[in-house]
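What follows is each chain in one-letter form.
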Amino acid sequence: MSAVPATGAEIHNAAPAAGTPDAELAHKCLYYMLLMREVEDRIERKLYRQGKVVGGVYVGRGQEAIPVGSALVSQADDVLFPSHRDMAVFFIRGVSVRRVLAQYMGRVDGVTRGRDGNMHMGDMSVGVVSLISALAATVPVAAGAALAMRYKGINGVAFSYFGDGATSRGDWHEGVNFASVQKLPVVFICNNNQYAYSTPLHLQMACTNVADRGPAYNMPAEIVDGNDVLAVYQATVRAAAYARSGSGPYLLECKTFRMTGHSAHDMAQYVPKELFEEWGKLDPIVRLEKRMIDQSWAAQGEIDALHAAIAREVDDAVAWAEQSPFPDPATLLDGVYESQ
Amino acid sequence: MSAVPATGAEIHNAAPAAGTPDAELAHKCLYYMLLMREVEDRIERKLYRQGKVVGGVYVGRGQEAIPVGSALVSQADDVLFPSHRDMAVFFIRGVSVRRVLAQYMGRVDGVTRGRDGNMHMGDMSVGVVSLISALAATVPVAAGAALAMRYKGINGVAFSYFGDGATSRGDWHEGVNFASVQKLPVVFICNNNQYAYSTPLHLQMACTNVADRGPAYNMPAEIVDGNDVLAVYQATVRAAAYARSGSGPYLLECKTFRMTGHSAHDMAQYVPKELFEEWGKLDPIVRLEKRMIDQSWAAQGEIDALHAAIAREVDDAVAWAEQSPFPDPATLLDGVYESQ
Amino acid sequence: MSTTYLEAIREGLWEEMERDPTVFCIGEDIGEYGGAFKVTAGLLERFGARRVVDTPISEAAIVGASIGAGLMGLRPVAEMQFADFISCGFDQIVNFAAKCRYRWNAGVPIVIRSPSGGGIHGGPFHSQNPEMWFVRTPGLKVVCPATAYDAKGLIKSAIRDNDPVLFFEHKGLYRKIKEDLPTEEYTVPIGKAKVAREGRDLSIITYGAMVWTALEAAEILAAEGCSVEVVDLRTLVPLDRETICASVRKTSKALLLHEDTRTGGMAGELAATIAENVFEFLDGPIVRVTAPDTPVPYSPPLEEAFLPNAEKVVEKARWLFRY
Amino acid sequence: MSTTYLEAIREGLWEEMERDPTVFCIGEDIGEYGGAFKVTAGLLERFGARRVVDTPISEAAIVGASIGAGLMGLRPVAEMQFADFISCGFDQIVNFAAKCRYRWNAGVPIVIRSPSGGGIHGGPFHSQNPEMWFVRTPGLKVVCPATAYDAKGLIKSAIRDNDPVLFFEHKGLYRKIKEDLPTEEYTVPIGKAKVAREGRDLSIITYGAMVWTALEAAEILAAEGCSVEVVDLRTLVPLDRETICASVRKTSKALLLHEDTRTGGMAGELAATIAENVFEFLDGPIVRVTAPDTPVPYSPPLEEAFLPNAEKVVEKARWLFRY
Ligand SMILES: Cc1ncc(C[n+]2csc(CCOP(=O)(O)OP(=O)(O)O)c2C)c(N)n1
Ligand SMILES: Cc1ncc(C[n+]2csc(CCOP(=O)(O)OP(=O)(O)O)c2C)c(N)n1
Ligand SMILES: [Mg+2]
Ligand SMILES: [Mg+2]
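Protein chains in written order, with the working numbering: chain C, 1 to 340; chain R, 341 to 680; chain A, 681 to 1003; chain W, 1004 to 1326.
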């Protein structure tokens, strides 16, 4: 890890000390990873099975280090484009767990007020753009946001998230190419979890790494251990500094594994069991906790307390969200256009 | 030039001697390049200005070596997907000059019977698929044709032609990626003429060469002097052999220059004059003629006679095409579907 | 043994693949996984990877490759994972596939299967009814079966058709309806509507899942003394204008129903057809029951308010009956 | 000094760029070259490359980047080089731009300008009228000006609008029509139709270049004693149903005219609107004059047979007048 100065995260709490990862940063990373894990577990394993979440559910179990390590680098003016496995991005940008849970349950206090479900949500006031289902559709949109930031003289960066499979889409190519030609401040963050739904990498691309696609755009491309949150953080610091300096986009390929089916109803029988076992040992939360204890950044008791606190936080949020009403059908027609 | 055996061109006349270019091949190349030049000159500088060609006219002046050198390698079962500057492909595959001229003039004997104009024509009986205007749209279609050949056990190759600008399109990426994943027998042939309409390369792509995009698909990519027809021929022999052997697609980037405006109505004032001068010296026809004389493959008199013969051939074809009737408006509704 | 709508489509695919070695399937996750809805489950085992081609996430390439294979004499059946993603391969469909035959006499015998429609809380991107994008594009055929029988018979006809066919499968019907299918082989012709219920007083003209809604409404209305005829279009292009006009000639009143949103929906084409051809038979306004002009909302109460249902149909039909 | 339709659009762009620093243009060859039709000629010199962005050949990126910039508070005006290529950026328009506000309350104030329409021997891929793909997609506005005055006034309104607007410029009108425009600033509201000619006996409802065809037909018909009212819709979404219905209430006869192909065309929506709302005023069938359901052919005699013209309108109108 080189000594690129950390640039980010002022909007969340105090910035970590510049330079190498420190205890404070580790705590923050752990908090958000645990929070994401807990919220997604509730959604997938409780609320969905109870019929309280009725739409599709895609979780990022095992991949939490990617949204957490990267979004913590983001600054107030930056704009983030999370994909469907990046829930922590919302929390880090200040969207409450309550509203996210209400979103999944189709309640009026959800981020989209019941109009859309799951991770299909955004809020420009905190710099988060909603994905649409079509994979990689946000990629050119992120380039446009970056263009706008430069246009307006804001020194911001767009964080564009996507999976390995999404890089097969035409929109991905067009968006990355445009960003490269225009030298736009975009950090492209790929979670390469080695599957796209049931499709393994070799049926998705002929190259070995997503990063092998960087040269096609004359764009630096770096491979990161996507299950090491501090590595993701450091790499994002490098990438964002590069983009922010006006040098153009930067691609981070975070190698990871999808520790679930594609969605809540998919048993992932097409994934060899060994892969789950192998990658289970690399769980980013377990690894960070071990490191925190090894480095004396935290005691086991502290970590246990954090788990418990998060469980309570989520209990409370679930209760709150369940009490949020469903949207009034009389509002069905509102807001297709600004004035109607 | 390595000694890869030549694989092609049986359907046109006798195959050239295997190995290095020889007199026979050179003669054939010269014939088709001159023919394309002459037909396009007539269209652009006569028929279009006389109002006899009413639609858009895009010519390949200065780029003739690319369709000629490559299509001469094609075998009977191969399927070709020419772009809008590859007229010689049609002649090499056996479509008559007469029908091509009738096509431009919207006559019933045109390849599309007046339904479409200019290079928007195809004929499956000679293995040529019509482009549509949307650039790079033929790229995934070529992949599909290659898939079909493998499916049917035909040892054919798809030749997919496009310009530098077309590589910015999503369809290009999706088509090339699919071909690579499936290891399909496709030769991708890029005419990099350094402009896309008025747009210079650096506003089209951030990489230096189109060939820099090969690694993104784990695909061999070779840069060729696109104004040297024998070099194009040899490179295509290599590429087609690779594709035909089942190794997957192969990209040829033929560096060249568009010695005209984008279309007949474009004065190309955005192109620095020096570039025309510089590239004018590299004219592929002049170069081949010189080489033929230097190598004693032909005498000047022979070449002059060929010019004259081609001019007569085209005179005759123009006369023929002008006598072809316009399509009967009563046929307007026919053939949207197979049976109506 | 009863066969679901989904199984009927699978059977149709299976039989055609058995019958004709040029038929193959192509799409995302259709092989080992059997497709997002499992329509193609079992095909890989039976027919192998050559004939069940798993692709990258590349709708333009799926359609484009299908066109290329179609031009070469194969009969590809492409699957869009959800109909909503068809817009990612749009140009290939409306500009390449649709226009080949007219332009240069090249047939493109491809089928694009797309699970469409709402009612499963799929939200704005997993519930759309995109048929009108294609109905308005000459050169394409558009098929929207409502029953298991028709689904099987029409997928077989679509595969045998020598032109590009958009085949919309209503995902809400996949496992909801079943019926006994004939044991002998059959096909259902593309371009023929069906009178799903005969009636005298009023015609409901519809297609897809809404056929069931219309039948439900007809039952309620029958109890009130209003005899409703239900016309199931089955195919939107070519449109069976004769059956439509015949029904209106008989009943003199037309209620047009679709799940798709209102403006620019199929009801417009139907209204124009009726008002142009059988105007003199009309005894009342032509009325529409459709989804409103919004994206498909996710939350159940909103989605319910969005979708047409028997109640909404009955209300409009009553008004028209009494007109 | 007379201003052409093309110049009127350029003036509108220019004025809005002068007025509002958040307005910028983006598209292929729009900078130094000034665009394929030269609509943006001169803008680069005046406003610089920051505000006149030349792009790679990437329609999805052009639309997508416009959406991103729009979400950030800019007002991008994207140019499709020909309307036919809009299908290459289709998903971005119909799924991203169209649904943002409804879903998460995010306005996408973008304009997509597209030269559409035939009559210039452009053939199947340089002549299409793709408006219905967007009319049927809730969340988009669709504008089709017929005059230089409206073209300027509407492009200015489109730029100021906080929702995505598809702006179809009929390329056949670019240099064909001109008129004196007011020297003072003006806008034309989106969503208001205009009665282009008043009449008593029959309404021709149309838009775009066909307004001129309708006026030509009206002139011929006037000489035969048939008083024709011509309604120029100007905007297809939002549709000014009131003006349409008012005209039909007055004349009792409706002829719907568009250059677009027939099935699934705008005439369907108009017919449904009329047959639903002012049925009792109708004294005859609602008739359509449109292009037939084929791709746009290239060869002049075919294209001429394809396109609606005054003669075809007069013939239908005569029939309806006498009905
Ligand atoms: C254009 C498009 N096609 C198909 C889908 C259906 N789909 C949703 S997620 C998914 C797999 C995505 O894989 P990847 O990009 O690797 O992301 P991951 O889910 O693995 O994080 C597919 C095929 C879609 N959403 N969009
Ligand atoms: C999708 C699409 N967008 C825009 C155009 C308009 N257009 C026609 S040719 C051209 C430039 C093509 O450049 P390139 O691919 O380099 O080919 P060249 O003409 O230089 O041979 C453009 C922009 C088009 N045909 N298709
Ligand atoms: Mg993945
Ligand atoms: Mg070029």
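The hints are simulated quantities; they were obtained by calculation from the structure and are not laboratory data. Some clues are possibly wrong.
[Stated by the list, open to error] Only pairs whose alpha carbons sit at most 30 Å apart, straight line, appear in this in silico DSBU-like list of lysine-lysine:
id : chain 1 : residue 1 : chain 2 : residue 2
1  : W       : Lys1253   : W       : Lys1315
2  : A       : Lys874    : A       : Lys996
3  : C       : Lys152    : W       : Lys1253
4  : C       : Lys52     : A       : Lys856
5  : A       : Lys718    : C       : Lys46
6  : C       : Lys52     : A       : Lys996
7  : A       : Lys992    : R       : Lys523
8  : R       : Lys386    : W       : Lys1041
9  : A       : Lys996    : W       : Lys1315
10 : W       : Lys1315   : R       : Lys392
11 : R       : Lys368    : R       : Lys630
[Stated by the list, open to error] Chain A stretches covered by chain C per the calculated footprint, using a threshold of three residues with CB under 8 Å from any CB of chain C:
id : region
12 : 712 to 726
13 : 797 to 806
14 : 893 to 907
15 : 983 to 996
Even glycine gets a Cβ: it sits at the ideal position worked out from N, Cα and C.
Right, here's what the structure says about each hint:
{"no.": "1", "hint": "W:Lys1253 with W:Lys1315", "verdict": "holds, 24 Å"}
{"no.": "2", "hint": "A:Lys874 with A:Lys996", "verdict": "holds, 23 Å"}
{"no.": "3", "hint": "C:Lys152 with W:Lys1253", "verdict": "violated, 52 Å"}
{"no.": "4", "hint": "C:Lys52 with A:Lys856", "verdict": "holds, 21 Å"}
{"no.": "5", "hint": "A:Lys718 with C:Lys46", "verdict": "holds, 25 Å"}
{"no.": "6", "hint": "C:Lys52 with A:Lys996", "verdict": "violated, 33 Å"}
{"no.": "7", "hint": "A:Lys992 with R:Lys523", "verdict": "violated, 54 Å"}
{"no.": "8", "hint": "R:Lys386 with W:Lys1041", "verdict": "holds, 25 Å"}
{"no.": "9", "hint": "A:Lys996 with W:Lys1315", "verdict": "violated, 37 Å"}
{"no.": "10", "hint": "W:Lys1315 with R:Lys392", "verdict": "holds, 27 Å"}
{"no.": "11", "hint": "R:Lys368 with R:Lys630", "verdict": "holds, 15 Å"}
{"no.": "12", "hint": "712 to 726", "verdict": "holds (count 3)"}
{"no.": "13", "hint": "797 to 806", "verdict": "holds (count 6)"}
{"no.": "14", "hint": "893 to 907", "verdict": "violated (count 0)"}
{"no.": "15", "hint": "983 to 996", "verdict": "holds (count 3)"}
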